[in-house]
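Put chain Z on the given structure of chain S with help from the hints.
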Amino acid sequence: MHELLLYGQLPAARHDQLLNIISGVAAMQPDYTLERHVIFKPTRPLVQSNLLRGGVVKSDAQVVKTKKSAQSTAGTERADMYHVRLIKRVEEDDFGGDVDMDSVEKGKGQGGGSKGWRLRFEDVPEPGKRAALLRMVDEQPFLGGEISGYMEGLGYKPVTEYIVEGHRAVHGNIVLFLHRILTRPGAKSISINAPLASFSDYIPMDPANGYLLSTTVRLSDGGIPKLVDMGMDELEAFRRMMLGVIDLDQPDRLALDTRVK
Amino acid sequence: MNRPAPHRDDGKPKTEPQVLDLLRQRTETLSKSLETFLNNSFLAPQDPNGPGLPSWSEFNATFSTQTKNLTRLQSDLATHHAFLLSAHIHPNATFPADKDFVNESLLRKRLAPEVETWVSKRLKTGKALTQTEDVEEIGMGAEDWKSLWDFAGPEQERIVKEVFPDIMGREDDDEDYGEEEDGEDEVVGMEGRWVPPAVKLRDLVQFASIGVIIPEPKIPEARGGPVGGGMPGGRAR
Numbered sequence: 001m002h003e004l005l006l007y008g009q010l011p012a013a014r015h016d017q018l019l020n021i022i023s024g025v026a027a028m029q030p031d032y033t034l035e036r037h038v039i040f041k042p043t044r045p046l047v048q049s050n051l052l053r054g055g056v057v058k059s060d061a062q063v064v065k066t067k068k069s070a071q072s073t074a075g076t077e078r079a080d081m082y083h084v085r086l087i088k089r090v091e092e093d094d095f096g097g098d099v100d101m102d103s104v105e106k107g108k109g110q111g112g113g114s115k116g117w118r119l120r121f122e123d124v125p126e127p128g129k130r131a132a133l134l135r136m137v138d139e140q141p142f143l144g145g146e147i148s149g150y151m152e153g154l155g156y157k158p159v160t161e162y163i164v165e166g167h168r169a170v171h172g173n174i175v176l177f178l179h180r181i182l183t184r185p186g187a188k189s190i191s192i193n194a195p196l197a198s199f200s201d202y203i204p205m206d207p208a209n210g211y212l213l214s215t216t217v218r219l220s221d222g223g224i225p226k227l228v229d230m231g232m233d234e235l236e237a238f239r240r241m242m243l244g245v246i247d248l249d250q251p252d253r254l255a256l257d258t259r260v261k
Numbered sequence: 001m002n003r004p005a006p007h008r009d010d011g012k013p014k015t016e017p018q019v020l021d022l023l024r025q026r027t028e029t030l031s032k033s034l035e036t037f038l039n040n041s042f043l044a045p046q047d048p049n050g051p052g053l054p055s056w057s058e059f060n061a062t063f064s065t066q067t068k069n070l071t072r073l074q075s076d077l078a079t080h081h082a083f084l085l086s087a088h089i090h091p092n093a094t095f096p097a098d099k100d101f102v103n104e105s106l107l108r109k110r111l112a113p114e115v116e117t118w119v120s121k122r123l124k125t126g127k128a129l130t131q132t133e134d135v136e137e138i139g140m141g142a143e144d145w146k147s148l149w150d151f152a153g154p155e156q157e158r159i160v161k162e163v164f165p166d167i168m169g170r171e172d173d174d175e176d177y178g179e180e181e182d183g184e185d186e187v188v189g190m191e192g193r194w195v196p197p198a199v200k201l202r203d204l205v206q207f208a209s210i211g212v213i214i215p216e217p218k219i220p221e222a223r224g225g226p227v228g229g230g231m232p233g234g235r236a237r
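In order, the protein sequence lines correspond to chains S and Z. Heads up, the first sequence is in the UniProt record's numbering, so the first residue is 1 and it goes up one at a time. Heads up, the second sequence is in the UniProt record's numbering, so the first residue is 1 and it goes up one at a time.
Don't take each hint at face value.
To be verified - Chain Z residues, not near chain S, derived (Cβ > 12 Å throughout): (1) Lys-12; (2) Glu-35; (3) Leu-43; (4) Arg-72.
As the list claims (entries may be wrong) - For each label pair, taking beta carbons as the anchor points, the in silico distance ranges come out as: (5) S:Glu-152 x Z:Glu-157: 58 to 64 Å; (6) S:Asp-93 x Z:Asn-40: 55 to 61 Å; (7) Z:Phe-151 x S:Gly-244: 27 to 33 Å; (8) Z:Ser-64 x S:Ala-12: 58 to 64 Å; (9) Z:Val-102 x S:Ala-237: 30 to 36 Å; (10) S:Gly-223 x Z:Gln-74: 50 to 56 Å; (11) Z:Pro-13 x S:Met-230: 32 to 38 Å; (12) Z:Leu-23 x S:His-171: 23 to 29 Å; (13) S:Tyr-32 x Z:Leu-23: 28 to 34 Å; (14) Z:Thr-117 x S:Met-230: 52 to 58 Å; (15) Z:Lys-109 x S:Gly-244: 20 to 26 Å; (16) Z:Glu-16 x S:Ala-237: 15 to 21 Å.
To be verified - Capping the alpha-carbon separation at 27 Å, the derived lysine-lysine pairs in DSSO-like fashion look like this: (17) S:Lys-157 x S:Lys-41; (18) S:Lys-129 x Z:Lys-200; (19) Z:Lys-200 x S:Lys-261; (20) S:Lys-41 x S:Lys-115; (21) Z:Lys-32 x Z:Lys-12; (22) Z:Lys-68 x Z:Lys-12; (23) S:Lys-157 x S:Lys-261; (24) S:Lys-41 x Z:Lys-200; (25) Z:Lys-32 x Z:Lys-14.
Because the hints were derived from the structure by calculation, they are not lab data. These figures come from a predicted structure and were not determined experimentally. For glycine and all other residues, C-beta sits at the position ideal for the given N, C-alpha and C.
In isolation and in its complexed conformation, chain S is listed as follows:
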């Protein structure tokens, strides 16, 4: 799957206004979403995990990764390694669990278990001048099992955790997500099994409490130029419609670089 992306930033004072505009444009009540994101970093080169590549969940993303890196780094001995992330949709009730690291480590944590997690891989956006960023993404839901151990076995360790809070609406083929990132500065260790702290412990990453509007068109296949053009046209039409309301722009491609440096 591929994605076309544009972003817009806005101050907190305009959040409600833009939310109203978005719901008007999309003719729907936006869906309030809380998501828990945990970013994983590979600890060893991918080559060692070749044996696991025939495995269940990760196969697509990894096959593409290896193919890509085989092409791009043909001359170098080290293949690129990518961050991946686990995402889980949470509810307000899930916050405020007892953060007792002992019980977590003993496997008694109440983090909601393995239900609802999905693994997301995002490739570096493709180079070239376009009206929007184009990147390959892959998402696979976990059906069950011990995810923490599975990720460890693949050679990934969790590095950052944050909460994404926002409203999602759909306009035509465009997914509009007006959101902000909340982090918990005091967090000591990161584990997907750990229960969430109380909601007030999470503070906006932007001290000015600004919001981000991401507009995404999802393409079943980014290799079909006609499909990419159709998505681009729709996104461009939306960008034009929003002129004077919010500026939609693409950030530096390399800011979305998920490779391990």
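Here is chain Z on its own, set in the frame of chain S:
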């Protein structure tokens, strides 16, 4: 009773506001005639000594009028079914629609009478000031007013700079927004000044992608720096 023809072609509403206006008319007619019926026949009957009920012929006439009204409304609703389904008055549940003056002012076609009075009064005053021949009397002519306005803008800017030096300073420091500044000012016009966000878009998306923010290299040429490993062919020597 004959079913009324849905629309004559000439009277057909073309645009969406016209559709809404047509529906407004239809419902208004319906509500008005029901009200009249209620008033005339029950609350204040023509014959105070009557049985307190409308006469048969009156009832019959009202019934056929109301049926006509309802049929028209129904057929209009059916014709513009698609548009009406997608139309909704409040963009969001948080819209303060329960405060009735909000809806009323939004539904107005013209300015409220008191606002109109206010506007015309001010316009008159302005006209009198600029068009008066007798410059001596007020001491100001049209030219003088114009130059006063020309002076007021920059002067206000100067005073703001003096009073809030930190606000003005922040804008100058942030050179990254320098190029976009002009465009932003137009776009964010409704908020007044464009205040650069505390965290840049680049940093936000980078944090969202890999969980850390790698500072941008200061000089564009120095790409071999912190992010050099990630640049395709960046290490070529």
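Here is what the structure says about each hint:
no.: 1; hint: Lys-12; verdict: holds, 25 Å
no.: 2; hint: Glu-35; verdict: holds, 34 Å
no.: 3; hint: Leu-43; verdict: holds, 42 Å
no.: 4; hint: Arg-72; verdict: holds, 27 Å
no.: 5; hint: S:Glu-152 x Z:Glu-157: 58 to 64 Å; verdict: holds, 60 Å
no.: 6; hint: S:Asp-93 x Z:Asn-40: 55 to 61 Å; verdict: holds, 59 Å
no.: 7; hint: Z:Phe-151 x S:Gly-244: 27 to 33 Å; verdict: holds, 30 Å
no.: 8; hint: Z:Ser-64 x S:Ala-12: 58 to 64 Å; verdict: holds, 59 Å
no.: 9; hint: Z:Val-102 x S:Ala-237: 30 to 36 Å; verdict: holds, 31 Å
no.: 10; hint: S:Gly-223 x Z:Gln-74: 50 to 56 Å; verdict: holds, 52 Å
no.: 11; hint: Z:Pro-13 x S:Met-230: 32 to 38 Å; verdict: holds, 33 Å
no.: 12; hint: Z:Leu-23 x S:His-171: 23 to 29 Å; verdict: holds, 26 Å
no.: 13; hint: S:Tyr-32 x Z:Leu-23: 28 to 34 Å; verdict: holds, 33 Å
no.: 14; hint: Z:Thr-117 x S:Met-230: 52 to 58 Å; verdict: holds, 54 Å
no.: 15; hint: Z:Lys-109 x S:Gly-244: 20 to 26 Å; verdict: holds, 24 Å
no.: 16; hint: Z:Glu-16 x S:Ala-237: 15 to 21 Å; verdict: holds, 20 Å
no.: 17; hint: S:Lys-157 x S:Lys-41; verdict: holds, 5 Å
no.: 18; hint: S:Lys-129 x Z:Lys-200; verdict: holds, 22 Å
no.: 19; hint: Z:Lys-200 x S:Lys-261; verdict: holds, 21 Å
no.: 20; hint: S:Lys-41 x S:Lys-115; verdict: holds, 22 Å
no.: 21; hint: Z:Lys-32 x Z:Lys-12; verdict: holds, 23 Å
no.: 22; hint: Z:Lys-68 x Z:Lys-12; verdict: holds, 18 Å
no.: 23; hint: S:Lys-157 x S:Lys-261; verdict: holds, 15 Å
no.: 24; hint: S:Lys-41 x Z:Lys-200; verdict: holds, 24 Å
no.: 25; hint: Z:Lys-32 x Z:Lys-14; verdict: holds, 26 Å
Hint violations for this structure: none, all hints satisfied.
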